[in-house]
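Undergrad: Residues per chain, in single letters:
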Amino acid sequence: MIAFIARSSVQKIVTLFFVSIVSFLIIHLAPGQPSQVDPLNPKFTPEMVARYRQAFHLDQPLYTQYLYFYRDLFTGKTVSWKDNRSVLAKIWERFLKSLPLFIVGTILTWTISFPIGIRSAIARGSAFDQTTTFCAYLLISIPGFFFAYILIIFVVQTFQVPVIGMQTFGLNQSSVTAAVMDRIWHLLLPSVLGATGGIAVLSRYVRSQMLEVESQDYVRTARAKGLPAEQVHYRHALRNALLPFVTMFGLILPGLIGGSVIIESIFSWPGIGRMAYEAILARDYPVILTVNFVSAVLVLGGTFVSDVLYLLVDPRIRL
Amino acid sequence: MTFLTRSDILLAVQDLSVHFRSEDQVARAVEGVSFDVQRQETVCLVGESGCGKTVSALTILGLIPQPPGEIAGGRILFDGRNLLDCREDEMQKIRGNRIAMVFQEPLTSLNPVFTIGDQIAEALETHADLTSAQRVERCVQLLDDVGIPSPRERLADYPHQLSGGQRQRVMIAMALACHPELVIADEPTTALDVTVQAQILRLFRALQQSHAMAVLYITHDLGVVSVIADRVYVMYAGIIVEQGLRAHIFDAARHPYTQDLLEALPTRSKRGRRLYSIPGAVPNPAAKPPGCPFHPRCRYAIPTCGQQPPGMCDYGDGHRARCPVLFDGGPSHWGQETLTGKV
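From first to last, the protein sequence lines are chains W and F.
Count the first sequence with this note's numbering and you get residues 1 to 319, in order.
Count the second sequence with this note's numbering and you get residues 320 to 662, in order.
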């Protein structure tokens, strides 16, 4: 076990090193430079640009820039080129705002997909199965932004509640209940929307996984033992069907920082996805690269968590 | 031979037909099959792959998925009761309790994520009223019975930690957990190598005597049959073509298919000679030849064979073969649905 952790940590650090190089190169090779942004801005004089380039080492060779950047990152001194604020602080602040969206969305996705997928697999071909199959394909096919606007129109017109942003402006004097309800309404729609796509895809995946397991010999053995149907499905089949999802569970970690650019943009949610998107438009390299680096760490951390979870749930896996 | 009375019959399958329906065709996997198993007797159901032996066995336990499976007719009398009329919850009380099954592939038939102790105890949990301590003792006892060394330590093992032969022993222990009256063994030794196969067969023999149970043993291996069977049913393309005591089948086979199978069996006297193989292949269950399903491959076939279904011909003493061509009283047995069960 300790050997596994040591080995996988070394592997992951090596991977991270290459990720850092590649992402650094991609960002710098992409067209556009921070000093070229907005040439029509009268405050952006040539002297200003020169000073800017010097301050951020932009005239030095790429490998020097690379070293400067990662030195700053690891000493926590990276600042955004846009507003000179610490990047880590910015990310943390936005992360906290994205977190409720992420948590509610993930809980909705996982708690709804599994019962749906399992039931349609057990009652294959039934009305329930056909209905959920139809709905799943419908939700997969509808573009997210389109569905979002339809939902917004529907909710706003039916319930007369505002849903854009994190809360309604100027609601400070209202009662606690009203404020809480306002927050919930603002949280609900983007979360539900973020979850629908996930539910549609994940429930299909659960269904096919469950169907595959149901046709295995050991399920027949369980029935031949005279076990009640629920025990056959929910103990023998489900336990095996869940194995691949353990891997997926580790991989939702990166979603913490990626957030959803589209949903956060539609709902003007000040989350981390939107911050990354805006940083790309502004060629704010430190923010882009830091977000990139943190997601790489989360992806690697997620795969590590998956490996460990797999070890715990599948007795066949030995390290 | 002893003459058995009616009450000695534990399982009687009568005129059973099982079909599988797909979009454009119907596969008649089992067609009018009748056989019975007496208490404490070993009956072998022999035939090539796809002849309907496994389907018959699974139908007894109600494990045929419906759809696409469909029981087109017949009765399965177990201890006088028609299992085809039983509700699912009644079947659950019989499965694993009064009738247990041992499957072909011990690796895939054991659940990889549960310990073997768990899997054996499950049947006891469902059918027997024991405390958990008693269950553990019973599991240890069962593993010991099937010859697994240091059984107490093995309880916490997962299937992948055992060898193929040990896994099959675990499957057998699982089947024996609730003292079943009938064990259906579906090619339990096919996936094992020959020495292990011999051990498992000996184990079956011994357990059958010590537990006083009947065994319905399904196999394609006549070598196995010659070792364990009291009585034999030979199946071909969904029908029984010959039945009788072990001696009838091995010393006086009356059906061309049985004769061909025996000729294809390697024995010492055939050493150095090329083994016989039956020409042609088993017909597709969705497109069986008319008349006798074996006639396209049969060396004795006459034109009538392709036109009329052959009836059972009685050779006395429980020995019957479905081949009027080789029967002295010939023509009268054509097209006639049998003399089975009337003697």
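There may be inaccurate statements among the hints.
What the hints assert, rightly or not - What the simulated footprint calls covered on chain F by chain W, stretch by stretch (three residues with Cβ under 8 Å from a Cβ of chain W suffice, anywhere in the stretch; the number is not a length):
(1) 423-433
(2) 438-452
What the hints assert, rightly or not - Among the chain W residues that face chain F by a calculated CB cut under 10 Å, a handful are:
(3) R85
(4) A89
(5) G226
(6) Q231
As the list claims (entries may be wrong) - Derived pair list, reagent style SDA-like, types lysine to any residue, alpha-carbon separation capped at 25 Å:
(7) F:K412 / W:A229
(8) F:K412 / W:L253
(9) W:K12 / W:L253
(10) F:K412 / W:P228
(11) F:K412 / W:Q216
It is worth saying that the hints were derived from the structure and are not from the lab.
Don't be surprised by glycine CBs; every beta carbon is placed ideally from N, CA and C.
Undergrad: Which hints from the list above does the structure break, by number from lowest to highest?
TA: Structure breaks hints 3, 4, 8.
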